[in-house]
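Order-wise, the sequence lines are chains A and B.
In terms of the numbering used here, the first sequence opens at residue 1 and continues consecutively.
In terms of the numbering used here, the second sequence opens at residue 1 and continues consecutively.
Derived by calculation from the structure, the hints in this document are not laboratory data.
Worth double-checking, as some hints may not be accurate.
Because identical chains cannot be distinguished in the list, a pair is counted as satisfied if it fits within a single copy or across any two copies.
Here are the computed lysine-lysine pairs in the PhoX-like style, where the Cα-Cα straight-line distance is at most 20 Å [what the hints assert, rightly or not]: (1) Lys130 <-> Lys271; (2) Lys24 <-> Lys189; (3) Lys291 <-> Lys136; (4) Lys136 <-> Lys157.
Note that the structure is a prediction, hence the values are computed from the model and not measured.
There are 2 protein chains.
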Amino acid sequence: MKIVVLTKGLKERHRKLICDTAKKANAEVCYAESEDAFPEGFESPDIIYGFGVKTAKTDPALKWLCVPSAGVDYLMGPDSFANPECILTNSAGAYGVSIAEHIIAVSLMMMRRITEFYLSSSNGEWDSPKAQKSLKNSRITVLGTGDIGCTFARRAKSFEPSSLIGICRSGVCSESVFDRIYKIEDLEKILPSTDLLVMSLPATSETLNILSRERIGLLPEGAYIVNVGRGSAIDEDALADSLESGRLGGAALDVFKTEPLPSDSRLWHTKGLLITPHVAGNLTVEYTMDKNVEMFCEDLAAYAQGLPMKHVVDRKRGY
Amino acid sequence: MKIVVLTKGLKERHRKLICDTAKKANAEVCYAESEDAFPEGFESPDIIYGFGVKTAKTDPALKWLCVPSAGVDYLMGPDSFANPECILTNSAGAYGVSIAEHIIAVSLMMMRRITEFYLSSSNGEWDSPKAQKSLKNSRITVLGTGDIGCTFARRAKSFEPSSLIGICRSGVCSESVFDRIYKIEDLEKILPSTDLLVMSLPATSETLNILSRERIGLLPEGAYIVNVGRGSAIDEDALADSLESGRLGGAALDVFKTEPLPSDSRLWHTKGLLITPHVAGNLTVEYTMDKNVEMFCEDLAAYAQGLPMKHVVDRKRGY
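With the hints as extra help, turn the sequences into a complete structure.
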């Protein structure tokens, strides 16, 4: 059994864990810089840990692709896999901590207007106090209650919001931190009483433009939106219109319909929009990388023993 | 009994609470824009709720001054009160929530380098990923475990730091959220294992330059400092030197030795320094204002009945 590791930024301890797990699994491991440079003897590996998108598309011998990302929308095309039986696992579960910290940071930056204070001070200017808002006693709605949504909610709870609502497809979530969980069908019922809407949804046909113009209009005046899932979930033009009209308090987007955000996008100049370049989840965060490698090794051990793997993507659902 | 309210930004519900409490206390209330414009009959009030600094200094008839700030260093001069028996109460306890949110926000902004991403995106530039750090598994030390330090610690705990240490004068703190509490004498023992140092100290002779050049040097490479107490607690030049040398990960100061920060201060240009203009605690935050007024009214009721007041400043300690 041959494994090619394409994942970047591995530390010595990560290589050791992969090496030890592979040994027990009776597998050979090599590290490659890119899909164009697989070492001799590993030209057609059984397993790839990394973004082996091209190999998945062309090599019918690939049995398992483990990607280090949480989202897998880029692998959901009808011709994404030359081997229709190829297993796909992802790293949902590794990014919750990093992305939850991002959500808290940008929410507070907007509500407390630190963005404005920071821009002033970057220009050497001592700004005057401005009206600020607080997470305390705010009504928070989390759209998407996977690892990211739940990890955020556990942190958000400590800020004493007046409500903390989760919304997901099934209406069921094992996480008890939410005051209540609703189904996506109930979204329109919840939006009018949402001060902070956090979106952590995968890109699927069901989530495409889920935050439509009409739904943005249901949010109360001064509401804030944070999107860390996929850019496809928001009608970006409607969001920009609403921000420019001054109806919303602000929005923070880490993900966009097109990335990098095109230089001529109106979003660059939209008032009250905090843009970050898809860096909420990041493998430079030590915990995220540790967890990412651990999850791959956990599944590798299971795979070798023919046991059920934990992180298999349901390709019908798309996540 | 006559009360002048100088505190700004009161809403209808605040005026009602003050009015109801005053009625029960058999007191008359008036609102004034400034100390130079006390309404007729209120020229020499018994009680002032607000920044009645000038009146305290000149009017020996003033019996109680309640300031809406937490820090009272500006009232600790030998001639601050014409009436040596004048009671001084403050609003420590109202600002914890707002300042704790500020600390979390700026800590994450630095550790996750959102400051840099935000500056790039403000210039229409899609920045590349950068090495980020996390509050998870970080070692947090809170210097000053009053309302602010404790309210921050309760929020910080949810981010799963590897340690959460409190340091205060007495070495005793009623808050159980800390892993351990140390005395200020132990500061030098704790600094070398501190990734994030949060300072929420009052300005007293004991806290003057408490974070000296030597002590900054004890922090590990890449450590972060947040100061929300008083600027007098830090050797600002030493901090700037350490930041410029690249030893520290970053610092976020909301308070300074001189405020507003003079336009020729080197701090404006210090690399890795996040400056905010003393806005961490802010009466525009609804909860803070509610709490502020409630605390005054609580003490007013006690004062009228000759009962012990809760928020009296210990002038020997200075807070």
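Next item on the list: Check each numbered hint against the structure and report the violated ones by number, ascending.
Entry: 2
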